[in-house]
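Engineer: Work out the full structure, taking the sequences as your base and the hints as a guide.
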Amino acid sequence: MSKPEKLIEDGIRIDVRRADALRHIKIEVGVLNRADGSCYFEFGGNKVMAAVYGPREVHPRHMQKSNSAVVRYRYNMASFSVEDRKRPGPDRRSIEVSKVSREALEPVIFQEYFPRSAIDIFVEILQADAGTRTAGINAASIALADAGIPMKSLISACAVGKVDDTLVLDLNKDEDNYGQADMPIAMTPDGRITLIQMDGHLTKDEFKEAIEMAKTGCLAIHELQKAALTEKYSAQMEGVNNEQ
Amino acid sequence: MSNEIIAELHKDYIYNLMVKQEREDGRAFDQYRELVIETNVINKAEGSARVRLGDTHVVVGVKIQPGTPFPDTPDQGVIITNLELIPLASPVFESGPPREDAIELARVVDRGIRESQCIDLSKLCVTAGEKVWMVFIDVHVLDDGGNIMDAASFGAVAALLTAKLPNKRYDLGEDAPVPMRNVPVSVTAVEIGGSIMLDPSLNEESIAGTKLTVTSNQEGDVSAMQKSGVQPLTTEQINYIVDMAIEKAKEIREKFLVI
Chain A
1 MSKPEKLIED GIRIDVRRAD ALRHIKIEVG VLNRADGSCY FEFGGNKVMA AVYGPREVHP
61 RHMQKSNSAV VRYRYNMASF SVEDRKRPGP DRRSIEVSKV SREALEPVIF QEYFPRSAID
121 IFVEILQADA GTRTAGINAA SIALADAGIP MKSLISACAV GKVDDTLVLD LNKDEDNYGQ
181 ADMPIAMTPD GRITLIQMDG HLTKDEFKEA IEMAKTGCLA IHELQKAALT EKYSAQMEGV
241 NNEQ
Chain B
245 MSNEIIAELH KDYIYNLMVK QEREDGRAFD QYRELVIETN VINKAEGSAR VRLGDTHVVV
305 GVKIQPGTPF PDTPDQGVII TNLELIPLAS PVFESGPPRE DAIELARVVD RGIRESQCID
365 LSKLCVTAGE KVWMVFIDVH VLDDGGNIMD AASFGAVAAL LTAKLPNKRY DLGEDAPVPM
425 RNVPVSVTAV EIGGSIMLDP SLNEESIAGT KLTVTSNQEG DVSAMQKSGV QPLTTEQINY
485 IVDMAIEKAK EIREKFLVI
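Order-wise, the sequence lines are chains A and B. Going by the working numbering, the first sequence wraps up at 244, each residue one higher than the last. Going by the working numbering, the second sequence wraps up at 503, each residue one higher than the last.
These aren't lab readings, by the way, just hints derived from the structure by calculation. Keep in mind that this is a model prediction, so the values were computed, not measured.
Below are the EDC-like pairs computed for lysine to aspartate or glutamate, each with C-alpha atoms no more than 16 angstroms apart in a straight line:
| id | chain 1 | residue 1 | chain 2 | residue 2 |
| --- | --- | --- | --- | --- |
| 1 | A | Lys208 | B | Asp465 |
| 2 | A | Lys3 | B | Asp316 |
| 3 | A | Lys204 | B | Glu491 |
| 4 | A | Lys208 | B | Asp487 |
| 5 | A | Lys215 | A | Asp20 |
| 6 | A | Lys99 | B | Glu344 |
| 7 | A | Lys99 | B | Asp345 |
| 8 | A | Lys204 | B | Asp487 |
| 9 | A | Lys208 | B | Glu480 |
| 10 | A | Lys204 | B | Glu480 |
| 11 | A | Lys204 | B | Asp465 |
| 12 | A | Lys204 | B | Glu463 |
Across the chosen pairs, the derived CB separations fall in these ranges:
| id | chain 1 | residue 1 | chain 2 | residue 2 | range |
| --- | --- | --- | --- | --- | --- |
| 13 | B | Asp316 | A | Asp165 | 21 to 27 angstroms |
| 14 | B | Ser366 | A | Ser79 | 28 to 34 angstroms |
| 15 | A | Asn67 | B | Asp269 | 28 to 34 angstroms |
| 16 | B | Leu261 | A | Ser2 | 53 to 59 angstroms |
| 17 | A | Pro4 | B | Glu248 | 47 to 53 angstroms |
| 18 | B | Ala251 | A | Thr166 | 50 to 56 angstroms |
| 19 | A | Ser66 | B | Thr312 | 47 to 53 angstroms |
| 20 | B | Thr371 | A | Gln64 | 54 to 60 angstroms |
| 21 | B | Thr312 | A | Ser153 | 47 to 53 angstroms |
| 22 | B | Lys255 | A | Lys226 | 36 to 42 angstroms |
| 23 | A | Gln64 | B | Lys264 | 33 to 39 angstroms |
| 24 | B | Gly464 | A | Thr166 | 17 to 23 angstroms |
| 25 | B | Glu495 | A | Ser79 | 43 to 49 angstroms |
| 26 | B | Glu282 | A | Arg116 | 47 to 53 angstroms |
A virtual CB, placed ideally from N, CA and C, is assigned to each residue, including glycine.
Structural biologist: The structure is reproduced here in structure tokens:
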């Protein structure tokens, strides 16, 4: 794939979005049987599955903490998720993504309720299309709630970037590859930022505008996350009522 | 945040000082520890630097060798950054392959250099599609006194600024400096109990809830950023750190890292 001549024309991006529009999002809650909580999340071309196990016993034992749960996060890309086959298994990138994603979720989990136990989050990227870590965090946050893990709030994540000198929300693959900056952000619905990374080039003013833009995006995603959870659990409640 | 063990009493001491706008070592919140950068300390390396930032001590070596370019960038040189937290540097570091802390440090140092485009990679091409220069930046942490991130990043840039392409050894003409066109400077801040301070010492780093590294270029624009640690930050805190980091980077660049 070569660089498109223009990534934005008359304010419209190559995938026919405005600068401040998110890609299509599809959420399915509780799609796996064995996991305690799970979520399938589509974010544009990203297809992500998240599963949560726990609280459960910690293996290896020396990892356990006497006064709180340990949260573990494994971000893994399927070898077929990208254009050129990815060598399976963790690489340096996925280890870093796992670390920052874990740290993005940890602040909202009541870890102190489950001493000596583990909360394991597994995120599998089945198809990658720019923004996999944010898709993974969005999915994991829902899967945690689905597993019944007590949380202070959900976490929502999306990226802001710069292409053709314009700030845009939620980069697609071409914008990620040929754009000037990429800044993934995760936050609580009340605007506390739990993940921020950035690479590329942004002036100070652009940065400040970008962070506000990300906020709007995260809030929109938060609404969808809430709706997906309510949909599953209100359907279940109806089932219970009918039986009575 | 780190594996370092610190007494509760000592934690309280640092908190109480912080409330009085003071720090354990008497610094202002925006003040760096004494920084000493020596370059050309390893003759076998194409470029090298020794950085002492307070008690933190790192050595960075740059090795440059010809290699094959990546298929998607046939006419560009390659940068590879590696950092190891070897057991020599701290009682809490263990031997073995790098873990997430070391990988994160290396990747953030790398991002600052790569994203600021400080090395003109197109000038590292010898024969397009066949032979380019591979620049290996290896950071050796010798003593962990806190804020390895900035020490490593200063060291990497300082080593690159003095590094030479070893043309002679490979019959490609005279040795030439690495084509540098910008000087990225990373500045790390920690948040402790709502206050922001720059260049955390080991104790400060151990009790901090979160760390934010901002790498800015000589135009005063942001090239890379990384939040590390569990504690969330508000937008105001982040903007405050970015403003401060850009100013501080200017100071450090003028004093220590001149092209």
